[in-house]
Every structure is written in C-alpha cells, then in structure tokens.
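Undergrad: Sequence:
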Amino acid sequence: MPTNAAVDAPVPWWRVGVMWLVVGGLGVVIVASFALLATAIRHADVVLPHPAVSTEGAKAPGSPAMQSRNHSATPPK
Numbered sequence: 000m001p002t003n004a005a006v007d008a009p010v011p012w013w014r015v016g017v018m019w020l021v022v023g024g025l026g027v028v029i030v031a032s033f034a035l036l037a038t039a040i041r042h043a044d045v046v047l048p049h050p051a052v053s054t055e056g057a058k059a060p061g062s063p064a065m066q067s068r069n070h071s072a073t074p075p076k
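So for the sequence shown, numbering that gives the first Met the number 0 puts the first residue at 0; every next one is plus one.
These aren't lab readings, by the way, just hints derived from the structure by calculation.
One or more hints might be untrue.
To be verified - The calculated label-pair distances, taken between Cβ atoms and stated as ranges, are:
1) Val28 - Pro63: 43 to 51 Å
2) Leu25 - Arg68: 48 to 56 Å
3) Ala43 - Val21: 57 to 65 Å
4) Gln66 - Leu35: 41 to 49 Å
5) Trp13 - Pro48: 49 to 57 Å
6) His70 - Ala39: 37 to 45 Å
7) Val27 - Thr73: 55 to 63 Å
8) Ala64 - Leu25: 46 to 54 Å
9) Leu25 - Gln66: 52 to 60 Å
10) Val45 - Val21: 51 to 59 Å
11) Ala34 - Arg14: 23 to 31 Å
12) Asp44 - Pro75: 41 to 49 Å
13) Pro74 - Val46: 41 to 49 Å
Glycine included, C-beta positions come from ideal geometry on N, C-alpha and C.
Take the sequences, apply the hints, and build the full model.
TA: Dropping the structure here:
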C-alpha cells in the first residue's frame with residue numbers, strides 16, 4: 000500500500016494565501032462602508048419644510064379611487 004511521503008509542512012496562518020483573501024475582502028467591505036457613511040453624513044440632503052395642509056376641502060377617504068373608477072367606466076365621447 001503506497002503512502003504519501005510528500006506531506007506539506009505546516010505553515011503559519013499568516014502565510015496562507017486564502018486567509019488573506021478572506022481577511023482582505025472583509026477589510027475592504029468595512030473600509031468601503033465607513034467611506035459610504037462619511038459621504039452620506041457629509042453630503043446629506045436638506046430637509047424641505049412641508050406646507051401646512053388645509054383640511055377644509057377634505058373629501059371622503061375613497062374619493063380619488065371613486066373618481067378614477069367612475070372616469071374609467073364612462074364611455075368615450
């Protein structure tokens with residue numbers, strides 16, 4: 000029965016290339032998220048004030064839907 004005599008010698012964890020792909024990928028994602036956060040904070044949009052809404056002409060809650068339904072049901076002129 001043949002045995003595998005050429006066994007790779009154990010290497011330290013920092014010499015394994017795949018480990019650096021994993022750590023490097025996660026590091027790039029973390030740095031990019033902080034860069035995106037800094038950009039979002041630095042260049043935030045201005046909040047526009049909402050005008051006061053008058054409730055004098057308030058209609059029934061379903062009135063826009065009713066108008067659309069009635070408009071689509073009327074025959075063309």
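Undergrad: Kindly indicate which numbered hints from before are broken by the structure, ordering the numbers from low to high.
TA: 3, 10
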